[in-house]
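Participant: Residues per chain are reported as follows:
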Amino acid sequence: MTNRMRNMIVSLVLLALAVGYLIWSYASYPPQSREVPALVAWLTIGLCLIDVVAHTGTPFGDRVAGIFSGRAHIEAEDDLRITREEWLSMLWMAISLVMILLAGILPAALLYVFGYMTIHGKLSLRLSACVAIGTTLFCWVVFSVLLNFDLYGGLFFED
Amino acid sequence: MLDSLVEGTLLIMTLKGVLMLTCGVIIGLIFGVIPGLGGTTAIAIFVPVTYGMQPQDAMALAGGIMGAVSFGGSITAILINTPGTAPNAATCFDGYPMARQGRAGAAIGAAGASSSLGGVLGILLLVAVIPIAKLLVLSFGPPEFFMMATLGLVCIAASTGGLFLRGLIGGAFGLMLSFVGFDAVHGGERFTLGFDALWDGVPLVPVLIGLFAVGEMINLSISGGSVMRKDVGTKIAGVWEGVVATFREWPTVIRGSAIGAVVGAIPGVGGTVAGFLAYTAAQQMSKDPDSFGKGNIIGVIAPEASNNAKDGGHLIPTLAFGIPAGAEMAVFLGLMILHGLEPGPSLLIEHEAEVFSLIVSLTISCIIATVFGLMVTRWLALITVIDVHILVPTVTVLSLLGAWVLDSKISDVVICVVFGILGYLMIKFRFPRVTIVISLVLGDLAERSFYQSVKMEDTWTIFFTRPISLVIFMLIVVGLLVPVFRYLRTRRRDAIA
Amino acid sequence: MIPTRLMGCAAALVAVIGFATPAAAVYPERDINFVIPFSPGGGFDVYVRLISQFVEKHLPNKVNVVPKNVPGAGGRKGLNQVYRAKPDGYNIVIVNVPGAMIDPLVGKKVDYDLEKITWIGRLSTDAYLLTVSSKSPIKTFDDFKKFAATNPVKFPSTGSGSTAHAMTKVFIGVLGFKGEIISGYKGTKEMTIGVIRGDTPAGILPSESTRKFIESGDIRGLLTTEDPSDYPNVPSAKSLKLDDLDGLLIHRLVAAPPKLPPAIAKTLEKAFMDAMADPALIAAAKKVNRPFSPLNAAQAEASVKKQLALYLRFKDELAK
Numbered sequence: 001m002t003n004r005m006r007n008m009i010v011s012l013v014l015l016a017l018a019v020g021y022l023i024w025s026y027a028s029y030p031p032q033s034r035e036v037p038a039l040v041a042w043l044t045i046g047l048c049l050i051d052v053v054a055h056t057g058t059p060f061g062d063r064v065a066g067i068f069s070g071r072a073h074i075e076a077e078d079d080l081r082i083t084r085e086e087w088l089s090m091l092w093m094a095i096s097l098v099m100i101l102l103a104g105i106l107p108a109a110l111l112y113v114f115g116y117m118t119i120h121g122k123l124s125l126r127l128s129a130c131v132a133i134g135t136t137l138f139c140w141v142v143f144s145v146l147l148n149f150d151l152y153g154g155l156f157f158e159d
Numbered sequence: 001m002l003d004s005l006v007e008g009t010l011l012i013m014t015l016k017g018v019l020m021l022t023c024g025v026i027i028g029l030i031f032g033v034i035p036g037l038g039g040t041t042a043i044a045i046f047v048p049v050t051y052g053m054q055p056q057d058a059m060a061l062a063g064g065i066m067g068a069v070s071f072g073g074s075i076t077a078i079l080i081n082t083p084g085t086a087p088n089a090a091t092c093f094d095g096y097p098m099a100r101q102g103r104a105g106a107a108i109g110a111a112g113a114s115s116s117l118g119g120v121l122g123i124l125l126l127v128a129v130i131p132i133a134k135l136l137v138l139s140f141g142p143p144e145f146f147m148m149a150t151l152g153l154v155c156i157a158a159s160t161g162g163l164f165l166r167g168l169i170g171g172a173f174g175l176m177l178s179f180v181g182f183d184a185v186h187g188g189e190r191f192t193l194g195f196d197a198l199w200d201g202v203p204l205v206p207v208l209i210g211l212f213a214v215g216e217m218i219n220l221s222i223s224g225g226s227v228m229r230k231d232v233g234t235k236i237a238g239v240w241e242g243v244v245a246t247f248r249e250w251p252t253v254i255r256g257s258a259i260g261a262v263v264g265a266i267p268g269v270g271g272t273v274a275g276f277l278a279y280t281a282a283q284q285m286s287k288d289p290d291s292f293g294k295g296n297i298i299g300v301i302a303p304e305a306s307n308n309a310k311d312g313g314h315l316i317p318t319l320a321f322g323i324p325a326g327a328e329m330a331v332f333l334g335l336m337i338l339h340g341l342e343p344g345p346s347l348l349i350e351h352e353a354e355v356f357s358l359i360v361s362l363t364i365s366c367i368i369a370t371v372f373g374l375m376v377t378r379w380l381a382l383i384t385v386i387d388v389h390i391l392v393p394t395v396t397v398l399s400l401l402g403a404w405v406l407d408s409k410i411s412d413v414v415i416c417v418v419f420g421i422l423g424y425l426m427i428k429f430r431f432p433r434v435t436i437v438i439s440l441v442l443g444d445l446a447e448r449s450f451y452q453s454v455k456m457e458d459t460w461t462i463f464f465t466r467p468i469s470l471v472i473f474m475l476i477v478v479g480l481l482v483p484v485f486r487y488l489r490t491r492r493r494d495a496i497a
Numbered sequence: 001m002i003p004t005r006l007m008g009c010a011a012a013l014v015a016v017i018g019f020a021t022p023a024a025a026v027y028p029e030r031d032i033n034f035v036i037p038f039s040p041g042g043g044f045d046v047y048v049r050l051i052s053q054f055v056e057k058h059l060p061n062k063v064n065v066v067p068k069n070v071p072g073a074g075g076r077k078g079l080n081q082v083y084r085a086k087p088d089g090y091n092i093v094i095v096n097v098p099g100a101m102i103d104p105l106v107g108k109k110v111d112y113d114l115e116k117i118t119w120i121g122r123l124s125t126d127a128y129l130l131t132v133s134s135k136s137p138i139k140t141f142d143d144f145k146k147f148a149a150t151n152p153v154k155f156p157s158t159g160s161g162s163t164a165h166a167m168t169k170v171f172i173g174v175l176g177f178k179g180e181i182i183s184g185y186k187g188t189k190e191m192t193i194g195v196i197r198g199d200t201p202a203g204i205l206p207s208e209s210t211r212k213f214i215e216s217g218d219i220r221g222l223l224t225t226e227d228p229s230d231y232p233n234v235p236s237a238k239s240l241k242l243d244d245l246d247g248l249l250i251h252r253l254v255a256a257p258p259k260l261p262p263a264i265a266k267t268l269e270k271a272f273m274d275a276m277a278d279p280a281l282i283a284a285a286k287k288v289n290r291p292f293s294p295l296n297a298a299q300a301e302a303s304v305k306k307q308l309a310l311y312l313r314f315k316d317e318l319a320k
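Protein chains in written order, with this note's numbering: chain A, 1 to 159; chain B, 1 to 497; chain C, 1 to 320.
Calculated from the structure, these hints are not laboratory results. Since this is a predicted model, take the numbers as computed values, not measurements. Here a beta-carbon is modelled for each residue, glycine too, at the ideal position from N, C-alpha and C. Heads up, a few of these hints could be off.
Cross-link-like lysine-lysine pairs, in silico, DSS-like; alpha carbons within 27 Å at most [claimed, not checked]:
1. B/409 with C/68
2. C/57 with B/16
3. B/409 with C/57
4. B/134 with C/186
5. B/134 with C/139
6. C/186 with C/57
7. C/212 with B/134
8. C/139 with C/116
9. B/134 with C/68
10. B/409 with C/86
11. C/86 with B/16
12. C/109 with B/134
13. B/409 with C/212
Among the chain B residues that face chain C by a calculated CB cut under 10 Å, a handful are [said to hold, decoys possible]:
14. 3
15. 43
16. 186
17. 467
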């Protein structure tokens, strides 16, 4: 799959989202409320279509792309394939969220920092433990003790 | 007026006053640095501390905080691409690349110097404008707000340069997001899927932290190494170089400050937009617009001057009418009322001295904040050489905590992470993230003002019959045409070559 | 030598008394959250912060009364939160009446029931004014009536479902002229500026935040719902024989979750009433122009019932 196709897929996905939003606004809301959102959705659809055209690679498409980017040549892009590295990094972010939801902020902080540093970063256990404890301690002291915020306790402990 | 200035200064030159000012500066710096906390939260937390104090000491504390927060926020923006407060978002564009190039010291130096200069200029403008403050505030009505909002949107998209089309698309989606929530104009919820958490709309700060901070953390996580690229020589020092550069680029400083002060004076538009507008203006007026976003120091100077000048601007409607120009001002107003300083037309007559003590402490604070901040820059800049695998989890935790702390809603944290992943995808597929943020900020204002304007005279020609509104409209047209001109210019240049 | 049986009875008696003593004897043992369902800096926020330190002074034990802002959903979020909290006296909330009444009256879903909530007392009230810009040719209420007879009058409001919107509708309904509401203003202050600027020919505004603009000459008040009128040149609705508008006020009340133990409620009530009688608070309130008009729990509850009856009469206007 070439870069151009990947870009095209992205443009089409966005187009689909905009159309979906438009349909949603017509289906669920009365004319007055949906006026401006629908207008914006139409505008977005228009822009997405232009984006699709700009990525077709035809001479016309290239000219359109040029007008909108203010330059006559399109720069080459890096490979747009999503690598395993990238999936992993995004996954770690999702893991942090799940941990917070389950265990609450402070326990999650401890586990997440430690886990990330040892597993993903492949750093020493001792360093990871130190940083994890340090970070959690900092958060606790500054936010909970000094500033008196309530820190999330996890889905099972909140109401 | 001059004797009030002297009196105001003397009021805070007591031991307690100076102490309060210094505390305020330190608090402001710290709250600025931590993403998610900011001036609004700081003032809100320290209001009870001021009970029983003399009004001028409370003003010294508040002035200290307000003057320092923006600079604090720029530090995180530069070092880890995370705006410490929303108005610092534009500083990320060139500040962070500078850090990656090993020039973090210069970036922070420039940020500090321009923050000081911008703050002072903003205050000078405030003092100059106070006599006609009322007239100014009354000249901007719903049609002007709508035009300003649209101008903001268009300018920001134009500033994304070669990514203009995708910038516009991002902006459009941002607008669609801004319509989520309770519709004040017509009543009724829109696009909330029944979630109570979305009743007030998609929250701005978690989205900001997610797109910029979390997204960048994912990015770093993949690239490895450290913030500062390995192939660059170590040049942490250079703080002084940054300061000197700021003075050298004084037209940018003045322009940025003017934009900040003026935009800050319009209630509701806000400092975030001012920062972006200043950045865009600097970029478009530069001889080398393409160097922006890659570590051009002017890209740090412009927004930082603007977001300190906005504090001066914010005070114009706040002091003249008691209309808070933003959330921070709203809390500050509460503080003033608590101390017997009822903002409004009579404030400047009855309490001129206290008002000046606020203004003076704000001025001094800008300068002291820079001095304090620069003293510790050398150590702060070391963050850029820390292994990314230590930095990423810690900053992520701090960012998510910042998202939680705002409103104690776990949905904010969820939104933060979701937008973080989205932010990374946007980096990868070369979509500017800034336009989503601006749209989210301005969408609500734009829609409300649009309806208000049309209903005021039952016709949409109102936008063109009011002089200020018409002028802003013409600026919008120019903004939309800029990329077209540039395309034609490069084509002509290529044809000649 | 005391017989064991008697000792046993005595011990049992002591134990029973010990357990039966309600927690109120030790209440309050820790900090009390005083929830403000609005953003910091607004009118309700200021009143809570003003009085909190004095309530602390007058509570039986030394604890803090901590103002906590819980804005969102137009005030419903904070109110819902406290309503659903445990009735242990550690969560109280400031309530906007009629604001909190409007949503249920127009059929919106809320978690609270104002008839079940525990009322502690009232902090203050605020009247409504019919205002015009001082640049306007309309100088008196009679001028306004003439103007309204020939032109539909536009008014600002914050949003459909807000107190401002509801009040404006009531005014229009009662006075019986053709009115149009331009909603979307961010808050009362913005509405006030809108009137001064001339966005709309008139506005219905709360008295307290408009006072300084009347004194500075930017705004002119045509009538007030408070009797006797607080202003030298503004007649009261009652004096203009507009009895329907008389007594239409904003009330700031303090409430706690339903089923609060009476002893705890009494402690809170006394603390608040003592605080509002405290000369230091009265002085501080005067300095910032935020007067208190106290009512105790029973009076507050009666006042709420009266307001509810009043607004029920306007149900049709509100629903439009």
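Participant: Taking the hints in turn, state whether each one holds.
Facilitator: For each hint, the structure was consulted:
1. Between residue 409 of chain B and residue 68 of chain C, the direct Cα distance comes to roughly 15 Å. Compliance with the 27 Å bound is thereby established for this hinted pair.
2. Only pairs whose Cα atoms come within 27 Å are accepted, and residue 57 of chain C paired with residue 16 of chain B is accepted, the gap being roughly 26 Å.
3. Of the pairs offered as hints, the one joining residue 409 of chain B and residue 57 of chain C is violated, with about 33 Å between alpha carbons and a cut-off of 27 Å exceeded.
4. For the proposed pair residue 134 of chain B and residue 186 of chain C, the alpha carbon gap of about 19 Å is at most 27 Å, so the pair holds.
5. Between residue 134 of chain B and residue 139 of chain C, the direct Cα distance comes to roughly 22 Å. Compliance with the 27 Å bound is thereby established for this hinted pair.
6. With a C-alpha separation of about 36 Å, the suggested pairing of residue 186 of chain C with residue 57 of chain C is violated against the 27 Å cut-off.
7. In summary, the hint linking residue 212 of chain C to residue 134 of chain B is supported, as the alpha carbons are separated by about 14 Å, within the 27 Å threshold.
8. Proposed proximity of residue 139 of chain C and residue 116 of chain C is contradicted: the alpha carbons are some 45 Å apart, above 27 Å.
9. Annotation: proposed proximity of residue 134 of chain B to residue 68 of chain C is violated, straight-line Cα distance about 33 Å (limit 27 Å).
10. In summary, the hint linking residue 409 of chain B to residue 86 of chain C is supported, as the alpha carbons are separated by about 20 Å, within the 27 Å threshold.
11. Proximity of residue 86 of chain C to residue 16 of chain B is assessed by CA-CA distance (about 42 Å); at most 27 Å being required, the pair is judged violated.
12. The suggested pairing of residue 109 of chain C with residue 134 of chain B is violated, with an alpha-carbon distance near 42 Å, which exceeds 27 Å.
13. The straight-line distance between the Cα atoms of residue 409 of chain B and residue 212 of chain C is roughly 37 Å, outside the 27 Å bound, and the hint therefore fails.
14. Violation of the interface hint for residue 3 of chain B is found here, the shortest Cβ-Cβ separation to chain C being roughly 23 Å, above the 10 Å cut-off.
15. Hint status for residue 43 of chain B relative to chain C: holds, with the closest Cβ pair at about 8 Å, below 10 Å.
16. Proximity of residue 186 of chain B to chain C holds as hinted, the smallest CB-CB distance being about 6 Å (cut-off 10 Å).
17. A least Cβ separation of about 15 Å between residue 467 of chain B and chain C goes past the 10 Å threshold, and the interface hint is therefore violated.
When each numbered hint is compared with the structure, violations occur for hints 3, 6, 8, 9, 11, 12, 13, 14 and 17.
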